[in-house]
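Enquirer: Knowing the structure of chain A, use the given hints to seat chain B on it.
Taken in order, these protein sequences are the chains called A and B.
Residue numbering for the first sequence follows the working numbering, beginning at 1 and increasing consecutively.
Residue numbering for the second sequence follows the working numbering, beginning at 1 and increasing consecutively.
Any given hint could turn out to be false.
Each pair of labels, with its calculated beta carbon distance range [stated by the list, open to error]:
hint : chain 1 : residue 1 : chain 2 : residue 2 : range
1    : A       : 75        : B       : 5         : 41 to 51 Å
2    : B       : 176       : A       : 35        : 54 to 64 Å
3    : A       : 42        : B       : 8         : 14 to 24 Å
Capping the alpha-carbon separation at 20 Å, the derived lysine to aspartate or glutamate pairs in EDC-like fashion look like this [said to hold, decoys possible]:
hint : chain 1 : residue 1 : chain 2 : residue 2
4    : B       : 231       : B       : 193
5    : B       : 220       : B       : 85
6    : B       : 306       : B       : 334
7    : B       : 220       : A       : 21
8    : B       : 398       : B       : 330
9    : B       : 198       : B       : 223
10   : B       : 220       : A       : 41
11   : B       : 231       : B       : 205
12   : B       : 220       : A       : 75
13   : B       : 212       : A       : 42
14   : B       : 306       : B       : 33
15   : B       : 198       : B       : 158
16   : B       : 212       : A       : 41
17   : B       : 398       : B       : 189
18   : B       : 231       : B       : 261
It should be emphasised that the hints constitute simulated quantities derived from the structure, not laboratory data.
Model, not experiment: these values are computed from the prediction.
Ideal Cβ positions, reconstructed from N, Cα and C, are used throughout, including at glycine.
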Amino acid sequence: MPGTGTPDGPETRLTVVADNETCVTSNLCVNRLPEVFGQDEDGCVVVLDPHPSAELARELLRARRSCPTRSIRVEGLEED
Amino acid sequence: MSSKCPVSYPFPWAPAPDVPADWRSVREGPLLDITLPSGDPAVLVTRYKDVRRLYADERLSRNWARHPVSRISASNDLFADPEIDNDPPRYLVERGIVMRAFSHRRLEALRPVVRQITGDLLDAMEADGSNEAELMEAFAFPLPILVICHMLGVPPQDRDKFRTLIDGYLSVSKLSDEEVERCRVQYWDYLSELIAAKRADPGDDLISDLIKVNAEDPDKLTDHQLQHWVKTLLIAGYVTTASQIGTGMAVLLHRPAAAAELKADLSLVPSAVEELLRYQIMGTSLGSLRYALEDITLQDGTVVPKGSTVLLSVESNMDEEVFTDPTTLDIRREDNHHLTFGAGIHFCAGAALARMELQEATAGLLRRFPSLALAVPGEDLVRPVGGFLAGYAAIPVKW
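Here chain A stands alone, though its shape is the one from the complex:
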């Protein structure tokens, strides 16, 4: 995948993409990582920080896994 690598240090950045169209406003991602995920007026997901530090990898994986509609993608991390 382009622009990514192994999360091996604080300088490594990941790429987070979220699909606003399939979001069902579970709020799970916002509650877990409010610095990365936000919501628009309708409550649908907005990525606030599309290139968060790789230190957040574990929590990003959890956010991705818990999304009820699999609307979160994290480039640069293995599928769990």
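Expert: Chain B alone, transformed into the frame defined by chain A:
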């Protein structure tokens, strides 16, 4: 299809706040033939990975009125409404309108209200002076009822009225079919009056917001759809949450070591709430009823035949392939991706609200009454009969 004889569903509920009696269904096979209370056939998908995937599979329809779906009880079409389409794209339009009220920002604004209501109820329990209470009526029911009344703009003094009607409407085998139908009609009439009153005198609440959408663009949200959503939100707003507040506390207090661990460190409340949601859900899988539009192949190659009525098992939360030591209650469990709220586009609309209420309720109770305990042995707690949910009819507690 499974080759075994169909088994009656719902399975018998466990008598005590212990491991669900039927979690072993997960091991019997990925697909069980079951018979609903109506006598109609259905299949139960049991394994976590299949259940998780099928929740998000559009080949399973939720449009109960359009397809020949098996009935839950003989003449109670609990869900079917010919004017409601629960499949995309129509469903997503309506859901999107409603979900604005459940955004993170809107719910955080509601948190002080939830906290205030919780505190008032705890005050009343304490002021009684007897150091004991029946948890369901003193706390578990009034908390979510007062919260959903506030959110929807329903007068709280209506609560005895709508509770009686909803309780009858949700009966699976408790009442006669005529009684269920009478409750259904009277509940619908109650909602018509409620919405008419709101149209005349709107407020800062969800029903008024929905009326506004309906008035601006009746094609986007028809009168009937508006009333259907109010009907659903009022039921879903308290019935399940009340049941889970009670069930969760019963399961916890039945295990003094876990209860002591949580009382000593209330920062564990969020993970404890998730574990209690996973561990002994208060419901059945009837709410997940779907219709297979095509053959659907499960992970091991078993086929869910086209035309089946399909239930997605809540006991998939006990799948040992996904959860380590699933029958042990672990209030510190990490990565607890239980399916109690479902998944996919029908993911429980009120999940975040319910979580907030469960967290406030659990922390509030344990902080106020550090010696809180069951007043009867857990094994003696009584299940309600013939309803939609398991839960407990009454939970006597002392402190």
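Enquirer: Quickly compare the C-alpha distance for residue 198/B and residue 223/B to 20 Å and report which way the hint goes.
Expert: Roughly 13 Å separates the two Cα atoms, so the pair holds.
Enquirer: Can you confirm whether the C-alpha distance between residue 231/B and residue 261/B stays at or below 20 Å?
Expert: 40 Å, violated
Enquirer: Is the gap between the beta carbons of residue 75/A and residue 5/B within 41 to 51 Å?
Expert: Once the Cβ atoms are compared, 50 Å apart, the range 41 to 51 Å for residue 5/B and residue 75/A holds.
Enquirer: Has the given pair, residue 212/B with residue 41/A, been kept, meaning a C-alpha gap of at most 20 Å?
Expert: 16 Å, holds
Enquirer: Within 20 Å, alpha carbon to alpha carbon, are residue 231/B and residue 205/B?
Expert: 15 Å, holds
Enquirer: Does the alpha-carbon distance linking residue 398/B and residue 189/B stay inside the 20 Å limit?
Expert: 40 Å, violated
Enquirer: For a C-alpha distance cap of 20 Å, please report whether residue 231/B and residue 193/B respect it.
Expert: 12 Å, holds
Enquirer: Keeping to a limit of 20 Å between CA atoms, is the pair of residue 306/B and residue 33/B held or broken?
Expert: 14 Å, holds
Enquirer: Check the hint pairing residue 198/B with residue 158/B against an upper bound of 20 Å on the C-alpha distance.
Expert: Status holds; Cα separation ~14 Å.
Enquirer: Holds or violated: the 54 to 64 Å window for the beta-carbon distance between residue 176/B and residue 35/A?
Expert: 56 Å, holds
Enquirer: Please verify whether residue 220/B and residue 21/A have alpha carbons no more than 20 Å apart.
Expert: Holds, because 18 Å separates the two Cα atoms, which is no more than 20 Å.
Enquirer: For the pair supplied as a hint, residue 212/B and residue 42/A, is the alpha-carbon distance within the 20 Å limit?
Expert: Distance of about 15 Å is within 20 Å: holds.
Figure legend: structure checked against the earlier numbered hints; hints not met, in rising order: 3, 6, 8, 12, 17, 18.
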